[in-house]
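Number of protein chains: 2
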Amino acid sequence: MPSISTRGLAMPASPIRKLVPYAEAARKKGTKVYHLNIGQPDIPTPESFLEAIRNTSIKVLEYSHSAGNESYRKKLLGYYQKFNIQFKLEDIMITTGGSEALRFAFMACLNPGDEVIIPEPFYANYNGFAVEAGITVVPVTSTIESGFALPSISEFESLITPKTKAILICNPGNPTGKLYTLQELEGLRDLVLKNNLYLFSDEVYKEFCYDGASFHSVFHLPGLEENTIVLDSISKRYSACGARIGCLISRNRAVMESALKFAQARLSPPTFEQIGAEAALETPDSYFEEVKEEYTQRRNLVVHALNQMPGVFCPLPGGAFYAVVKLPIDDSDEFCQWLLESFSFEGATVMLAPASGFYATPGMGKQEVRLAYVLNQEDLTKAMTCLAEGLKAYASYKANAIVK
Amino acid sequence: MPSISTRGLAMPASPIRKLVPYAEAARKKGTKVYHLNIGQPDIPTPESFLEAIRNTSIKVLEYSHSAGNESYRKKLLGYYQKFNIQFKLEDIMITTGGSEALRFAFMACLNPGDEVIIPEPFYANYNGFAVEAGITVVPVTSTIESGFALPSISEFESLITPKTKAILICNPGNPTGKLYTLQELEGLRDLVLKNNLYLFSDEVYKEFCYDGASFHSVFHLPGLEENTIVLDSISKRYSACGARIGCLISRNRAVMESALKFAQARLSPPTFEQIGAEAALETPDSYFEEVKEEYTQRRNLVVHALNQMPGVFCPLPGGAFYAVVKLPIDDSDEFCQWLLESFSFEGATVMLAPASGFYATPGMGKQEVRLAYVLNQEDLTKAMTCLAEGLKAYASYKANAIVK
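Residue numbers (the numbering used here), protein chains in the order written: chain A, 361 to 764; chain B, 361 to 764.
Take the hints with a grain of salt, since some may be wrong.
A pair holds if it fits inside one copy or across any two, identical chains being indistinguishable in the list.
[Claimed, not checked] In the DSBU-like style, the derived pairs of lysine-lysine whose C-alpha atoms are separated by at most 35 Å in a straight line are: (1) K434 x K752; (2) K523 x K392; (3) K752 x K448; (4) K419 x K554; (5) K652 x K419; (6) K378 x K523; (7) K758 x K652; (8) K686 x K752; (9) K554 x K523; (10) K388 x K752; (11) K434 x K419; (12) K448 x K389; (13) K652 x K554; (14) K435 x K392.
No lab work stands behind these hints, which were simulated from the structure alone. Source: prediction; values computed, not measured.
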C-alpha cells in the first residue's frame, strides 16, 4: 500500500470542526447545542442574490472566463470605488471563495521554503494553504491584553530573515475582531517597502466595522501598488458562505498574470453564484446598516455578558463577528470538549472553538476560545447563561478531580 | 518590487486558450470562427439540473459539508453501481470540479520531487497541477499510428525510478479519445502492484464510449483497492462545465482522510450546483443514448472528412469527444495561428488546439492538432471544408515562402 504524502500528514485538521463528533453525540443525547464555534451567519442572504439565480435562463451551463465573468468584474470596480479604492478590470480576478484567492497568491508569489509573517492568533486555514504551498508560517504574537493590537514593527523586524517574502494580515480580524488603525497599517507599509515584501491582506470582513470606525484597506496606502494583494469574498458580506465566490486583487501585473495561469488550470469559478454575486451588488446600503446594527447589539450583549463572568476577559472587537475570550481554565481544548461531552444546563450546551488552533506558537491560546456571535440575541443570551454555568460546573469538576 | 515565484513562472499557459487573442482578432475582422479547440459541449444541460436550481428555497446560503452534501453523495453510490462499482459513503468526496479532485489527489499522495508517469499526449492542465504540487511529470509516449494505445508495460517499467509514486491515466482519453481495453488496464494493475504505486484515473468521459464498447474503470481491477484513486466530474456528463462539481473516489482510508483536510481548508464546494448535480442523477438513460448517438455521428463525420484530406491521418477515437489528427504540416502552433490570422474560406475559419501542449516531451506533437467535435453536424461539415481549404492554402503559402 503506497503511503500518503508528508504534507498530507502535516496538513492540520480544522480546529473549528474537530469537535464536531462531540457535538453530534450531544445532540443525539437530546442536548441543544448553541453553535458559537463557526462563522456561519444566520442573516438571510439578500433576495437579489437568490432571485437572480432562480431567474437564470441558462440552457448550456458553459465554463465561464477563468478570471470570472467580465460583467461581474466590471461592476466590482464600482463596488470598490465606494471604499475609495480604484482598480482596473485586469486587477481583479474572481476566485472560488476567498480561500482560492489566498492559494493563488501563495502559489504565484512564494516559493517552497519562503517565510510569511502572520500576526497570531490568525484564521486557522492559513496553515493549510501554507502546507499546500510548502511555505513556512512565522507567527508574531498579538495579545488579548492589548485587544490584539498589531505587534510593534520592531517585533516584525526581529523575525525577518532572507527567506521572508510576505506579511499576511486579516483586517478586520478573524478570530480577533481587531480592526487595524491607519497608523498600524502605515507602520506595516514602511516595513514592507524597506524589506521588499508582499503584503497580503484578507479583507473579507470589511463591511463589519462598528462604533463608527473607518475601515482602512492596504490599498489606501500610497507607494504599495506593487506589493499589495487583497483577498476578498462575498461569504460574509452577503451571508453567502455556500457560494464560494471571492476575488484576488492586485495592481502588480506580474502577480495577476501568474495567478491567471493557476486560474486557467482549474478552468473557472462556479457560474450560478457569479450571477448571484453580480446581482447582489445592487443590495441597498440599508441591508448592511441593518446587519451592522444587529451585529453591534449582539457583540455588546456577548462582550458584556462575558466580562461579567468571574475570571473572564473579552476585549471589545472593533469588527468582524468574532471575539477571542480569556477564560479561567488551563486547557481550552479540554474545556470545549467537556462542554459538549459532560455538561448541559437546562438541556443545552455551548460549542466554542479552542483558540490553540489559531496560534502557530506551541502552547499559546490554551486559556482562550473564539466565539462567533452569529446567533440571534435570544439564543446568544441563553448561550451566555449556559457558558457561565458551564464555567462554574467545570471549576467544581476540576477541583473534585484534584481532590480525587 | 518583490518577484513572483519560480512556480509562478514555471506554470504553463493553457495551450487551448493561448490562441484566444487571435480568434478575437479574427472575429473583429468579421470572420466566423468554428471553435474546435475547446471541450465545451453545445449539448443542453439536463432540465432536471437547471430546474432544481431554479426551485431552491434557500434563505441563508450556508457552507455545505467539506466533503459535499451527504444526500448527493448517498445517491452517487447508486449512480456508480450502474457501472458495477461499489463504494461506501466515506469513499466519495465532492470536489470543485474534477480539477480539484486531481489537486487533492496530488497533494494527499505525493511529495514535492515525486514522479508521476503519464501517457502522452495528455490533458494539458495536468502540468499545471503538477507545478502546484511540485511533482515531476514523466511522459511515456503513445503514438497516433497505434491509435494512442497504452504504451507497453516495459516502456512504463523503463521509466520507473525510486521517485516514481504514481501513474496517471485518462480513460476515455482527452485529447486522444482512446478507450483503454481491459487488457491494457490489467497490465497497469500488475505494474502498479509490483512497484507499490498509486494509480490515478481520470474517468470524466466514461459516459462517452462508442461502437458498443464497454467502459472499464480502474475500480474493476481486483487487488487495487488501496492503490486506485478516481477523479470524476459532471462537466461533460451533463454538459455542465460551469458547475464546477466533481468528485474524488478512493477506498484507501488514509488518502481520503488526508484529502478531507485539504477539503476542509477550502471549506466546501459550491452549493447550488451540488443541488443541480443531485437532481441530474435522475436524468433518464435516454438522454445519454441520444447524446452518445449524436457524438457518434459527429465523430464519424469528422474522422471521415479528415481522412479524406491529402496527407491527413486521424485514428477512430473510441470515446470522449476529441480526436488527435496528424496534418501535413511542420508546426501546428504556427498553422493554428495562421488559420486565425491569415486565412478564411467563405468568411470563416477554424480554431484548433496545437497538440504540442499535450505532450511533455519537447518537440512532440508538432504535426498534430486536437479537435473537439462539440458543434452540430452542419457546422462540423463546414468546419471540415474550411480546414481542407486551409491546408491547401497553407501548403501554397509555405511553398511561396520557401521560394521567396
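Here is what the structure says about each hint:
1. Taking the closest pair of Cα atoms, K434 and K752 never come within 35 Å of each other, the shortest separation being 55 Å inside a single copy and 43 Å across copies.
2. In this assembly of identical chains, K523 and K392 lie within 35 Å of each other by CA distance neither inside one copy nor across copies; the values are 49 Å within and 52 Å between.
3. In this assembly of identical chains, the alpha carbons of K752 and K448 never lie at most 35 Å apart, being 56 Å within a copy and 44 Å across copies at closest.
4. Proximity of K419 and K554 under a CA criterion of 35 Å is satisfied in neither setting, with 53 Å inside one chain copy and 48 Å between copies.
5. Proximity of K652 to K419 under the C-alpha cut-off of 35 Å is restricted to the inter-copy arrangement: shortest distance 19 Å between copies versus 39 Å within a copy.
6. In the homo-oligomer, the alpha carbons of K378 and K523 lie at most 35 Å apart both inside one protomer (32 Å) and across protomers (34 Å), since each shortest distance falls under that limit.
7. With identical chains, the CA atoms of K758 and K652 are never at most 35 Å apart, being 39 Å at best within one copy and 68 Å at best between copies.
8. For a Cα distance limit of 35 Å, the shortest separation of K686 from K752 inside one copy, 15 Å, qualifies, whereas the shortest one across copies, 78 Å, does not.
9. Taking the closest pair of Cα atoms, K554 and K523 come within 35 Å of each other only inside a single copy of the chain (15 Å); across copies the shortest separation is 41 Å, beyond that limit.
10. In this assembly of identical chains, K388 and K752 lie within 35 Å of each other by CA distance solely inside one copy; the values are 25 Å within and 74 Å between copies.
11. Both within a single protomer and between protomers do K434 and K419 lie at most 35 Å apart by alpha-carbon distance, with minima of 24 Å and 27 Å respectively.
12. Taking the closest pair of Cα atoms, K448 and K389 come within 35 Å of each other only across two copies (27 Å); inside a single copy the shortest separation is 55 Å, beyond that limit.
13. In this assembly of identical chains, K652 and K554 lie within 35 Å of each other by CA distance neither inside one copy nor across copies; the values are 37 Å within and 62 Å between.
14. Taking identical chains as interchangeable, the C-alpha atoms of K435 and K392 lie at most 35 Å apart only when they sit on different chains, with a minimum of 30 Å there against 43 Å within one chain.
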